[in-house]
Amino acid sequence: MSRRTITIEPVTRIEGEVKVAIFLNERGEVERAYYQVVEFRGYEEFCKNRPVEDLPRITSTVCGVCSWAHHLASAKAVDALYGRKPTETAAKLREFGYQAHIIDSHLLHFVVLSLPDFALSDAPPELRNIAGLLRRNPELVKKFIESRKILRNIEETFGGKAIHPAFVLPGGVSKKLTRDDVDKLSKLCKDLLDITTYIYEYFIDRILKSKNFNELLYNEAYRLRTYYIGLVDNNNYLNFYDGFVRIIDSKGREVTKFEADKYTDYIAEHAEDWSYSKFPYLKSLGWRGFVEEYICRAGPLARLNVADDISTERAREAYKYMVETLGGKPIHNTIAYHWSRLIECIHASEKMIEFLNDDSILREDIVNTSGSPRYEGVGIVEAPRGLLVHHYQADENFIAREVNIITPTAINNAAINAELQKVASTLIKGFEVPEKILNLVETSIRAYDPCNACATHTLSLLSSRGGITVLIYDNEGRLIEKLHSKPPRLR
Amino acid sequence: MSSNKPKLAIVYGSVCGGCDVSLVNVGEPLADLLTNYDVIYWSIALDGKLHTLEKLERIDVAIYMGPIRTELNMKLAKLIREKADLVVAYGTCAVYGGIPGLGALIKPSTLVETMKSTVTTTPGSEKVVKSMEKEGLKIPPLTNQCLPLSVVVEPDVLVPGCPPAVENVEKLIDILKKYLRGEKPVKGLMLAEPRSLCEECPRRPKDMSKLVIPNIYRLHEAVPKEDKCFLEQGILCLGPITRAGCGHRCIKANMPCAGCMGPVQRVDDVGLKFLSSLASALLADKEKELGEEGLAKLLDKIVDPQGLFYRYTLPTSYLTKLVLKRLRK
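Protein sequences appear in the order of chains L and Y. Position 192 (the first sequence) corresponds to 191 in numbering that gives the first Met the number 0; numbering is contiguous. Position 10 (the second sequence) corresponds to 9 in numbering that gives the first Met the number 0; numbering is contiguous.
Just so you know, these hints were derived from the structure itself, not from any lab. Errors might be hidden in some of the hints.
With a straight-line cut-off of 25 Å between C-alpha atoms, the simulated SDA-like cross-links for lysine to any residue are [unchecked claim]:
#1 L:Lys186 to Y:Lys251
#2 Y:Lys251 to L:Thr86
#3 L:Lys142 to Y:Leu33
#4 Y:Lys224 to L:Val29
#5 Y:Lys224 to L:Lys142
#6 L:Lys261 to L:Phe243
#7 L:Lys142 to Y:Lys176
#8 L:Lys47 to Y:Lys54
#9 L:Lys186 to Y:Leu32
#10 L:Lys428 to L:Lys142
#11 Y:Lys224 to L:Phe243
#12 L:Lys47 to Y:Pro304
#13 Y:Lys272 to Y:Gly187
#14 Y:Lys54 to L:Lys261
Quick caveat: nothing in here was measured; it's all calculated off a predicted structure.
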């Protein structure tokens, strides 16, 4: 038997264009597995020569699933570039609106993209989706649908548009919050907390206790002992919008804590010719390839690992429960990313109610127009998927000259590859690979909620996500067999 | 999922995902749609296969999101036009090219080089895989142009908006419901208003013909007031040349229109049209005092005409057509 390649092309129920290539040796064992981002959009180039104050609205379209994260990371880079610290009111309004977005992205991912793998693991592929969930668990889907309306409404109150918002100015925000807004938001936020709590409890009662979920949660293949990176506030508590970047090692010891504008001292990016997404790594460790102990992860689980605690009550309890259940921090079980997302949803819901009780959000000082320009600025937020960096340099006329964006999916790129290797090696034995096994390979990827439009901020190259396709090549690289179907090739 | 239901496919160009989310955001009407149609392809949500799409002789409804950036995008665009009875261009990218269209005049190789030379990228770090694995690891090359679906094939329904506003998505779902009963919309139906955003803007001055633009300010130079026409404040707003129908959400958020709904009916080039209306309103009362030179100096304050006028429509602009024509010579 000759060597073979298994290709999953494209990976489905994720955002963006990804292909998996698994190389098998003569005995049908996995030799090497690659997670390839085959999408490219080019933002870093065409954002050049634009007025920097326009970048928050332009770069929000890097990703429609986490548009608020880009909008706000960009806003913070622009603030710094103009030397304008946002007023306290503005910072609060940004953070308030952003909580809704975290929930928006997390619930969408949990219910539509991931839950089918756990709640419908026995279903055929054509029913392993939201339509299948609607049949199996209409109550949950109803709650989810209700949450879409509420979230849209909250996001529109701040950003005009719920997706690709128009909300920030250098040093602040464009619109004050009114008493009427607060009255409307009070009801919406309360209902939202009910829904996030419901979905969390559904997860605890139904999914966490299920055999199928447990098998994955505690499976050694789905576990990486890595470094973690994330934002924490002054008290080392979880924060999505602002704070210090904290890095911990696989034992949970703090390696460093730094402010946004120092990021180039700590993070560098490695490139490979087989992916349009780069591989950020910790400068202190150097690029060591896809070796678990030198990799750093971002995202919900990373955030909960780097933070000492969560400030709100219900989320804190849920957080404690997860940490206790999984035997203390840092938690290395990748499938716990899902759990972390739901804890964060509760925290964000509670946080919004806190903001509503803070009268200073009604103040009128929403823009700071003074400050000394620095012509360079870095903005870092926690996107739903993890640490997001926007870094701009401008000329004396505030026209962008250099743009650098590091997205959380890029940060996780090395980890996803390393885990893919582990999972594929564990699950794939021999040349016969059933669809169910390939879906388990995809399940490992989905845990990271990768957003590949983000990962490359680029022009999509391969845009048909044609379900599962398995191509078998011989050792000369010739295609010898296709198990499902082959999408049309480009040139 | 019985097979006698009409077949619906949601197909992508170079998407950001916002259009998907806008569709999910309509809530119940979408659930109805999922029940009444056999959704055969929508890869963010389903594990549907491309070969299903290719094998089918007929698709009833196909929704296309994102701009066309690759030959595969192109192939899919043509495939759905050939097979689907009703083709929907969903979102500004599919209708006009959208923000990724800003790369329309940049060489693909430059886009890649920049990505691989940013400040944090380790120089010379790029690793090349060994030849054995090369074939299996091929990544597809870029195409030269970025085009909206509407230029490549003729859609039946067009839904502009970045992403489409919920009101227009609901209208689309109504159309798809009527389609179930055999009613087909008129060809080329645009789910937006033919008139300009100004016509429905709550800040519209009483007499638009007397609109005076006092100066030109960038957003770091002037804090927009919440009740006054942006143009009257000297903040450039694309309202006069942009289609209404978005619910003027950006205006409500106190931000000027950036033009994502595309040009009003019968305007071919937004930039030219906007400049002509701008010139007449700009300093209308001080024209003599300033003279041509003064006016030109003021227009210089439009620091990024391409990104301002064509932020969402560059691939369909005269500018792009001219440049590409020259390049071909």
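Hint numbers not upheld by this structure, sorted from lowest to highest: 4, 5, 8, 9, 10, 11 and 14
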